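Keeping the supplied structure of chain A fixed, place chain B upon it in accordance with the hints.
Protein chains in written order, with this note's numbering: chain A, 1 to 108; chain B, 1 to 107.
It is possible that part of the hints are untrue.
Said to hold, decoys possible - Some chain A residues flagged as far from chain B (calculated, every beta-carbon gap over 10 Å):
id, residue
1, A25
2, T59
3, D79
4, N92
5, R93
Stated by the list, open to error - Covered stretches of chain B (in silico footprint by chain A; criterion: 3 or more residues with CB under 8 Å from a CB of chain A, positions within the stretch not fixed):
id, stretch
6, 20-31
7, 59-73
For the record, the hints were derived by calculation from the structure and aren't laboratory data. Note that the structure is predicted; figures quoted are calculated from it, not measured. Ideal Cβ positions, reconstructed from N, Cα and C, are used throughout, including at glycine.
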Amino acid sequence: QMIFNADEAHNIVKEVVIESVLGKADYNHNKVNQWTAAIVEQSLTHLVKLGKTYKYIVTCAVMQRSGAGLHTASSCFWDTTTDGTCTVRWENRTMNCIVNVFAVAIIL
Amino acid sequence: GCKFDAGQVQQVLEGALASALGTMVYSPQGSAPLAQSLAELLRSQAKEVVPPRYKLVCHVLLGQQGQQSLLVASRALWDPESDSFASATFSNTSLFAVATVHGVYFE
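Chain A with its partners taken away, still in its complex shape (with noise of 0.2 Å):
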């Protein structure tokens, strides 16, 4: 029986995507689009090669850090002993970035 594996997830996408896209960037109004388009794909690319039989859905947001609140939830309806999600926060001095991973397993 599968499970989804939150932290190699989380680790991922953290250690090996965001940084390597946002690292040392200020925010800019004109990159976000690159940036967010860099950042899901990239997270598709290596949860792909981990060889597991799930589909999966990867979301970003990317905002500035202006002082205002911001709050991300999710509700899903499916497996609960094979599919999971994994929420990764990051930031830096001008901008916040969140980055969910969705597990949906398929059965072949």
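Chain B only, in chain A's frame:
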């Protein structure tokens, strides 16, 4: 069977967000539980219009309306024949919300 109807789900999301948030004011303590209950509400409302055998992932972002900019993106690895998603936004002078529902067909 039938497929995930993105247009219909989007309408459900827009209606639910507007009626739940209407004239709501952002508050740091209240918004965290509000985001969670919104996610659950939207997920159950979407479930009613989505065909059986679909697993659903509902995600809500709720934030304070300020001078900041925000971009939300998502990608999925799935079967494009059967799987899809819908999203909706809401904003008033005090807060904004972005909701997405992804539907994944389960064989």
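Q) Which hints, by number, does the structure contradict? A) Those not satisfied are hints 2 and 3.
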